[in-house]
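Next come the chains, spelled out residue by residue.
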Amino acid sequence: MIDYYPAAAEIFLATAICVVLLVDVFLRDEQRMITYWLSLAALLGTAACSALFFVDEPVTTFFGSFVADAASGVLKLVAYVAVALVFVYSRDYLARRNLFKGEFFILGLFGLLGIMVMVSAHSLLTIYLGLELLSLSLYALVAFNRESATAAESAMKFFVLGAIASGTLLYGISLLYGVTGTLEIGTLAERLSGPDGMGIPALVGLAFIVVGVAFKFGAVPFHMWVPDVYQGAPTPVTLYIGSAPKIAAFALAWRVLVEGLGDAHASWQGMLIVLSILSLAIGNIVAIAQTNLKRMLAYSTISHVGFILMGFIAGSDDALSAALFYTVSYVIMAAAAFGMILLLSREGFEAEQLEDFKGLNARSPWFAFVMLMIMFSMAGVPPFIGFYAKLLVLGSLIDAGLVWFAVLGVLMAVVGAFYYLRVVWYMYFDDPLDEAPIAAPGGMRVVLSVNGLGLLVLGVFPGYLLELCMRVL
Amino acid sequence: MYVPLLSISIWLPIAGAVAVLLLGSRRAELARWVALGVSLMTFVVAIHLYIGFYPDHAGMHFVERMPWIGAFNSFYELGVDGISMPLILLTAFLTPIVVIAGWEVIQTRPAQYFAAFLLLEGLMIGVFCALDALLFYVFWEAMLVPMFIIIGVWGGERRIYATVKFFLYTFLGSVFMLVALIYMYLQAGSYSILAFHELPLGMNEQILIFLAFLIAFAVKVPMWPVHTWLPDAHVEAPTGGSVILAAVLLKMGGYGFLRFSLPITPDASQSLAWLMIGLSLIAIVYIAFVALVQKDMKKLIAYSSIAHMGFVTLGFFVIFATIANSQDEAGAMLALQGGMVQMISHGLISGALFLCVGVMYDRLHSREIGAYGGVANTMPKFAAFVVLFALANAGLPGTSGFVGEFFVILGSFHASFWLAFTAATILVFGAAYTLWMVKRVIFGEVGNDGVAALEDVGRREFLILGILAVSVLALGVWPDPLVEAMDTTLRELLAHVMESKL
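Quick mapping for you: the protein sequence lines, in order, are chains A and B. Residue numbers are given in our numbering: position 216 of the first sequence equals residue 216, and the series is strictly consecutive. With the second sequence counted from 1, adding 1000 to any position gets you our numbering.
These are calculated hints, taken from the structure and not from any lab test. Careful: at least some of the hints might be erroneous.
If we take Cβ atoms under 10 Å as the criterion, some of the chain B residues that face chain A in the derived model are [claimed, not checked]:
id: 1; residue: 1137
id: 2; residue: 1144
id: 3; residue: 1159
id: 4; residue: 1175
Derived list of chain A stretches under chain B, where covered just means 3 residues or more per stretch with a C-beta under 8 Å from a C-beta of chain B [to be verified]:
id: 5; segment: 15–23
id: 6; segment: 261–267
id: 7; segment: 378–385
id: 8; segment: 388–399
Predicted model, so just to flag it, every value in this text is computed and none were measured. All C-beta atoms, glycine included, are put in the ideal place defined by N, C-alpha and C.
Build out the structure end to end from the sequences listed, making use of the hints.
Pasting the structure below:
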């Protein structure tokens, strides 16, 4: 008898998506708001299911291929919030561009379902299933604006590179399956432990899996898709790609590398160190040269990934919590940052150049301040949440004896501070290039303000979120 | 009744900043008055800190302790001793003056200007009272944000270059301190600074931690050769920004040496004291020469700040040589006291000098020495103030500038004659560059039509310069209240530093 309760949220969401899809078919264009509200309702219902069936102790089901535990519950809740923010921030933007179509919401929800499956996966195959569901939704989303040639181009790049990465991951999985004869993560870990667990074939499989993980994170040298996709995709899609899938990437690394291949920590630690250093260096240095804000944020993502990987490199339980905390805070920051771009955009005008933020303080002191909080938080300046994220991962590195790496990390953080500062100086020290009033609707302003203030509030009182992250992992 | 005085002095200005921001620049007049009211109230609270302070009681006063971040075992822990209390008083004293100084001068976004200074005040006071290293670091870094905005928005022509340089320089310095703090947290199991004081550390650890702190504090002080951000930041900052920068922000570095470097790494401090003394002497002598050739008044005062702060670091680190050469604790105490008095006095004098430059700049919009000449003819009252502050800057007996330098030189004498001799030459050079500037700007024939049309100081300017003049003289004639307040704390500190951790 299969226990369905641990997967209640996934089952609910899958059903809800089908309902939204069916309803959307029968709606006229001017009734599209119904799809929007139904999607938000679906998110709310899914969140309720997750909260209702929240478990402290891990429960596996579907013959050991699916697991519900405290960490997956928290990760999913963050993903719901992120996707809800995406929908709220995007609505007005899409409506003004004749892009307000059901597909955006349905694909977004399907992507979320993929994330949830990955987060709860307890078998390599389940992970792959979730990953593909997420990736295919993303490919379609990037190309979602059919009239934009750049969007189509980035979707193509994303698809080709993503397919290669998926193939690599799958190849690694097949090697591990050949060595151990199992796909279930718990059994895999058992069979790979012991003195001669990690033979050469398993190590080769591991290397391929690390490549797949690095691609999904966007870590250097597997980062090529990130800037192009971030810049080329419509901003709501960039917002989506920049936030929720980071949770999936964290889950991928955590389930496969830590839970499945934890005994091989020494083997993949070195690989991740190289990835992390390269990501920190390339991400931060190349971001300085950008003039397009979306592209700059893409490189900034790459550098943040370098920091998230530090938690995996240090390896202890506390270090993993640090990586989780970093991921969660990054998702909140990224959602707010792209939300700001959407806020300033209007018909025929994408506020995606750095210069479009010039003189924002003169146009709207409040949103200039919100953007200031986001930028300083990303730079890791207290009292914003980004500081604690960096503090935690650096602390875990020092605890693991990698003081040199921590020093390198803080140096790169200083390099990175420059391009975040530049946004602040454009907003505060320069005169505005255009005086158009900000046209975003009230609801979005409120949500974005709460999102931005959250960075400050969580920075002054980081204790709750921190303890949550410590407890569930 | 228990009143959390320290929390009030931190959060009152921050709450005031929010209120001023909400009022907005459209109600600028009201915003100004609120800013002035809040800063005066904070000063009253700070005076209560002085009144309630028992100089004989070693250890922390007004301690507050609440759980903050359980996961780090980190507390919202505040307290002051004889080192931090005078600095808080200085901060709370200067903020109302800065607010008054910017009253009519600041016309672009006045509400944001005053809010930034109030925010800065709360954060600076937070730095001085935090007893938890994480809390300290949060205040320490958060301070950069309003200062970045102040220089960048209301500064001069090259303000963006100056403010970015200022931010990145200090940010770079402090991240190394962060690594050291995390390291000690992992050793001690908490972020309590007082626990760090007792933490046993090996020599190698101490050296590395000392160097990490040195980078952070040397940039703030600033010490040669990491001083290059200061002239830029000072020149470009608006008058109020320069005042706070010189008067309080630089003192954070000196405070850090006393609170962190000396007590946490006493053995490393001892073995690297030669380096610190060397850098201080270079700052004192070399930077004095640099100051001599400046054409820009603000730059000249900025360089003179670096030279004067050299006395502070000299006083703090010469104690090891003093004790080694004379086995005399009195000499070391003199040096430490001198450093502290110098910090307070330099805060007042440099603040006053920047205000004087501001007064002239508001009228002629030039900081060039060459653009003035014979100001005394048209602004006699103002000229009197400038001469007084310039003489105080040169260390004239009877002004506060003399007390600190004299103590430090006396303390250095116990260490070595040549050390004291070298340091004493600053008194000559200090007099030279300051008085030469005064001669060229204030005295002589009226330089040009602009100067001829100058109006003397108004009531507002007279008020702030007068208050500063009185305090400079009072501290110079009667420094006892200040010296007594910090005596016990410094004695404790000296005893702690002289005890090896190895």
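Quick rundown of the hints versus the structure:
Taken as an interface hint, residue 1137 (chain B) checks out: its beta carbon lies about 7 Å from the nearest beta carbon of chain A, inside 10 Å. A hinted interface residue such as residue 1144 (chain B) counts as satisfied when its beta carbon comes closer than 10 Å to some beta carbon of chain A; here the least separation is about 7 Å, so the hint holds. A distance limit of 10 Å between C-beta atoms decides the matter here; for residue 1159 (chain B) the minimum to chain A is near 7 Å, and the interface restraint holds. Checking residue 1175 (chain B) against chain A by beta carbon gives a least distance of about 4 Å; that is within 10 Å, so the hint holds.
Counting residues of the segment 15–23 of chain A whose CB lies closer than 8 Å to any CB of chain B gives 0, so the stated coverage by that chain is violated, three being the minimum. Under a criterion of three residues with beta carbons nearer than 8 Å to beta carbons of chain B, the stated coverage of the segment 261–267 of chain A fails, only 0 such residues being counted. With 3 residues carrying a beta carbon less than 8 Å from a beta carbon of chain B, the segment 378–385 of chain A meets the three-residue requirement, and the given coverage holds. Counting residues of the segment 388–399 of chain A whose C-beta sits closer than 8 Å to any C-beta of chain B gives 5, which meets the bar of three, so the coverage hint holds.
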